[in-house]
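Chemist: Sequence:
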Amino acid sequence: MLVDTVADYKSPISSFEATTYLFRIYRVLGINKPQRHKNLYIFYTIILNGVVNFLQPIAFTMNYFTNELVSKLGSLLTSIEIVINVYGCTAKFIIIAWLLPRSNATVQLLKKLDERCQAPDELELLKSIKKFGRLVVVVLAVSYLSYSVSQFICSLIAGHPPYGLYIPYINWKRSFWEFLVASSIEFLLMNVSCIVQASNDAYPIIYINILRTHIKILLKRLNRLGTGADKSQDEHLEELKLCIKDHKNLNSLFETIAPIISTTVFVQFMITAAIIALTLINMLFFTTNISAVANSCVYIADLVLEIFPICYYANCLIDDNDLLSMEIFHSAWPEQNKIYRKMLIVFMQRSQQSMSLTAGKMFPINLNTFISIIKFSFSVYTLIKTVGIKE
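Residue numbers (our numbering): 504 to 894.
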C-alpha cells in the first residue's frame with residue numbers, strides 16, 4: 504500500500520514532505536490505509552464515503568422530487584450549481600482513490616532525485632517546495648470551507664436549510680429543532696465535501712510544483728556541467744551521466760502523475776464552465792438580497808480557484824522544461840572530449856520533449872484553456888440573457 508511506502512521514506516530533506524498534509528487528508532477521507540487496524544479503517548472508509556460520496560449526491564437529486572424547489576427558479580439554479588459540483592467532486596475523488604495506489608513509483612523516484620541534492624541552493628529549493636505543498640492544502644481548504652460557512656450563515660438568516668437536502672424522517676418546516684438538525688447535517692456534509700474537493704485540487708498543484716522544483720535543480724546542475732579546472736574529463740563525463748539519469752527520473756515522475764491529473768482536471772473543466780454560467784445567471788437575475796449575492800461571489804471565486812492554479816502551474820512546467828535544452832547547449836562542452844559531446848547531443852534532443860499535460864487527452868492544461876473556459880461561461884450567460892430566462 505502507498506502508506507507503507509511513504510512511512511519508510513526517511514530522507515532528511517524530502518520533497519515528498521510537500522504532500523504531508525495531502526496524505527493526512529487522504530487518511531481522514533479513507534483512501535490512505537494505515538499499517539494498523541486495517542479492518543476497522545476499511546469499515547470507517549465504507550461508512551464515510553457511503554454517506555458523503557454516495558448518499559449525499561442522491562439526497563441532492565431526491566430534493567427535486569420531494570420539495571417545491573422546482574417552482575422557484577432561483578432556488579432551482581442554486582441547487583443545480585451545487586449538485587453538478589458535488590457529482591464532479593465525487594467523480595474526481597473516485598478517480599484519485601482508484602489511481603492513487605499506482606502512484607507508489609513517485610515515492611522511489613522522488614527519493615532518487617532528493618538523494619542527488621547536495622548543494623546548499625538545491626537543498627533550499629527542497630525546503631521551499633515542502634512549505635509550498637502544505638500551504639496549498641491549507642489555502643484551498645480554507646477557501647472552499649469559507650463558501651460552506653457563508654452559505655450556512657445566509658441560509659440561517661433566510662430561515663431555511665443551506666441546500667434543502669432530502670433527509671428521511673426530518674421535516675425542517677415542522678419545528679425549529681428539526682430545522683437546526685437539518686441545517687447542521689447539511690453543513691457538516693458540505694464541509695466534508697469541501698475537504699474532499701480541496702484534496703482533489705491540491706494533488707495536481709503539489710505534484711506539478713514538485714516536478715518543477717526538481718527541473719530547477721537540474722538546471723542548476725546543467726549550468727555547472729564542464730566547469731571546475733580541478734576535475735578530469737572522466738569526472739565531467741560522470742556528472743553528465745548523472746544529469747541524464749536525473750532527467751530520466753523526471754520523465755518517469757511526469758508519466759506517473761499525468762494520468763491522475765489528466766482525468767481529474769478533465770472532469771473539472773467539463774463542469775466549471777456550466778456552473779459559473781448558472782451562478783452568474785442566478786446572481787444577476789434571481790438573487791434578491793446582498794448576503795446571497797456575496798455568497799455567489801465567493802462561490803464563483805472558489806470555482807476559479809479550482810482551475811486557475813492548475814492551468815498556471817502547468818504552463819510554468821512547460822516553460823521550465825523548455826529551458827533544459829537551452830541550458831545544455833550553453834554548458835561548457837566545447838573543451839570536452841568526443842564521447843562527452845556525442846552524449847550531450849543525444850541528451851539535448853531528448854530534453855526537447857515537452858512536459859505538456861492534457862485534460863482527458865483532449866484539452867491542453869494551460870492558461871489559454873483557462874481563458875477559453877471563462878469565455879465559454881460568459882457566452883452561455885449572454886445567450887441565456889438574450890433568450891430572456893427571467894420572463
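Please note that a few of the clues may not be correct.
Ranges of calculated distance between the beta carbons of each label pair, as one might list FRET restraints [claimed, not checked]: (1) PRO671 - LEU543: 25 to 31 Å; (2) GLU627 - ILE550: 25 to 31 Å; (3) LYS748 - PHE557: 29 to 35 Å; (4) HIS540 - ILE821: 39 to 45 Å; (5) HIS833 - GLU738: 19 to 25 Å; (6) ALA804 - THR730: 44 to 50 Å; (7) LEU638 - VAL807: 16 to 22 Å.
Keeping only pairs whose Cα atoms sit at most 30 Å apart, straight-line, the calculated DSS-like set for lysine-lysine is [said to hold, decoys possible]: (8) LYS634 - LYS734; (9) LYS734 - LYS723; (10) LYS719 - LYS751; (11) LYS878 - LYS744; (12) LYS541 - LYS748; (13) LYS719 - LYS878; (14) LYS864 - LYS845; (15) LYS841 - LYS864; (16) LYS845 - LYS723; (17) LYS723 - LYS633; (18) LYS751 - LYS634; (19) LYS614 - LYS744; (20) LYS541 - LYS614; (21) LYS633 - LYS748; (22) LYS634 - LYS615; (23) LYS723 - LYS630; (24) LYS615 - LYS630; (25) LYS630 - LYS748; (26) LYS845 - LYS676.
Just so you know, these hints were derived from the structure itself, not from any lab.
All of these numbers come straight from a predicted model, not from anything done at the bench.
For each residue, glycine too, the CB sits at the ideal point set by N, CA and C.
Chemist: All hints, please: hold or fail.
Modeler: Okay, the hints, checked on the actual structure:
{"no.": "1", "hint": "PRO671 - LEU543: 25 to 31 Å", "in the structure": "holds, 27 Å"}
{"no.": "2", "hint": "GLU627 - ILE550: 25 to 31 Å", "in the structure": "violated, 44 Å"}
{"no.": "3", "hint": "LYS748 - PHE557: 29 to 35 Å", "in the structure": "violated, 45 Å"}
{"no.": "4", "hint": "HIS540 - ILE821: 39 to 45 Å", "in the structure": "holds, 44 Å"}
{"no.": "5", "hint": "HIS833 - GLU738: 19 to 25 Å", "in the structure": "holds, 20 Å"}
{"no.": "6", "hint": "ALA804 - THR730: 44 to 50 Å", "in the structure": "holds, 48 Å"}
{"no.": "7", "hint": "LEU638 - VAL807: 16 to 22 Å", "in the structure": "holds, 18 Å"}
{"no.": "8", "hint": "LYS634 - LYS734", "in the structure": "violated, 36 Å"}
{"no.": "9", "hint": "LYS734 - LYS723", "in the structure": "holds, 18 Å"}
{"no.": "10", "hint": "LYS719 - LYS751", "in the structure": "holds, 15 Å"}
{"no.": "11", "hint": "LYS878 - LYS744", "in the structure": "violated, 47 Å"}
{"no.": "12", "hint": "LYS541 - LYS748", "in the structure": "violated, 38 Å"}
{"no.": "13", "hint": "LYS719 - LYS878", "in the structure": "violated, 33 Å"}
{"no.": "14", "hint": "LYS864 - LYS845", "in the structure": "violated, 34 Å"}
{"no.": "15", "hint": "LYS841 - LYS864", "in the structure": "violated, 41 Å"}
{"no.": "16", "hint": "LYS845 - LYS723", "in the structure": "holds, 21 Å"}
{"no.": "17", "hint": "LYS723 - LYS633", "in the structure": "holds, 19 Å"}
{"no.": "18", "hint": "LYS751 - LYS634", "in the structure": "holds, 26 Å"}
{"no.": "19", "hint": "LYS614 - LYS744", "in the structure": "holds, 18 Å"}
{"no.": "20", "hint": "LYS541 - LYS614", "in the structure": "holds, 26 Å"}
{"no.": "21", "hint": "LYS633 - LYS748", "in the structure": "holds, 23 Å"}
{"no.": "22", "hint": "LYS634 - LYS615", "in the structure": "holds, 20 Å"}
{"no.": "23", "hint": "LYS723 - LYS630", "in the structure": "holds, 16 Å"}
{"no.": "24", "hint": "LYS615 - LYS630", "in the structure": "holds, 16 Å"}
{"no.": "25", "hint": "LYS630 - LYS748", "in the structure": "holds, 23 Å"}
{"no.": "26", "hint": "LYS845 - LYS676", "in the structure": "violated, 79 Å"}
Hint compliance for this structure: hints 2, 3, 8, 11, 12, 13, 14, 15, 26 are not met, and every other hint is.
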